[in-house]
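**Q** Following the numbering used here, the numbering of the sequence shown begins with 1 at its first residue and continues without gaps.
These are calculated hints, taken from the structure and not from any lab test. Don't take every hint at face value.
Restraint ranges, calculated between C-beta atoms of paired labels, are given here [said to hold, decoys possible]: (1) Glu70 with Leu153: 43 to 53 Å; (2) Arg64 with Val133: 20 to 30 Å; (3) Val155 with Pro66: 21 to 31 Å; (4) Thr84 with Thr27: 20 to 30 Å; (5) Cys112 with Arg65: 18 to 28 Å; (6) Val151 with Thr127: 26 to 36 Å.
Idealized CB from N, CA, C, for every residue including glycine.
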Amino acid sequence: MTRLHDLPRPGDPAVRDTSAATPSRPTAGEIAFAPTIGVLGVQGDVSEHAAALERAGARAVWVRRPADLEGVDGLVLPGGESTTLRRLLDYEGLLEAVRRRGAEGMPMFGTCAGAILLATDVIGAPTPHLSLVPMTVSRNAYGRQPESFAVDLQV
């Protein structure tokens with residue numbers, strides 16, 4: 001749940017100055033050495049994560065099938081709905097492929113539901129999903145999705 005005081009405000013380090021001139025285009029050398037980062041593209045905040053990676057200088061590719069994992073240097077598992085993500089991973093044959101690449105040492109990062117998929121211990125789930133990152137997470141810690149919302153409050 002997002003609280004009003006958690007939202008970034010102008011002047012916060014996380015807020016970009018949009019009045020600045022457009023940044024210069026990357027050089028051929030920068031492009032040649034930019035890492036290729038896959039974004040699990042089956043459900044969730046895929047385009048937002050891909051855009052953020054490209055702003056940071058990486059080449060972002062959507063990963064929808066096991067073959068899409070070939071040639072990526074790392075993988076981002078975005079937020080979404082963890083049960084839906086797990087079902088789609090199974091359906092597309094990605095669960096074992098992602099697990100295998102993680103076991104081989106490919107760097108992975110998960111936000112929200114992506115972190116739930118990566119965790120070795122998931123409170124509120126019968127069994128962990130990928131079990132690649134030694135952490136404990138809690139599903140529905142703030143309630144189920146119908147109870148999750150943002151609202152403007154008069155203070």
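**Q** Next, verify each hint and record whether it holds.
**A** These are the hints, each one checked on the structure:
1. For Glu70 and Leu153, the Cβ-Cβ distance of about 48 Å falls inside the hinted range of 43 to 53 Å, so the restraint holds.
2. The hinted window of 20 to 30 Å between Arg64 and Val133 holds, with their beta carbons roughly 22 Å apart.
3. At about 49 Å, the beta-carbon gap between Val155 and Pro66 misses the expected band of 21 to 31 Å.
4. At about 40 Å, the beta-carbon gap between Thr84 and Thr27 misses the expected band of 20 to 30 Å.
5. Between Cys112 and Arg65 the CB atoms are about 23 Å apart, so this pair conforms to the stated range of 18 to 28 Å.
6. Separation of Val151 from Thr127 is about 35 Å and conforms to the stated range, judged on CB atoms against 26 to 36 Å.
Violated hints, in rising order: 3, 4; the structure is consistent with all others.
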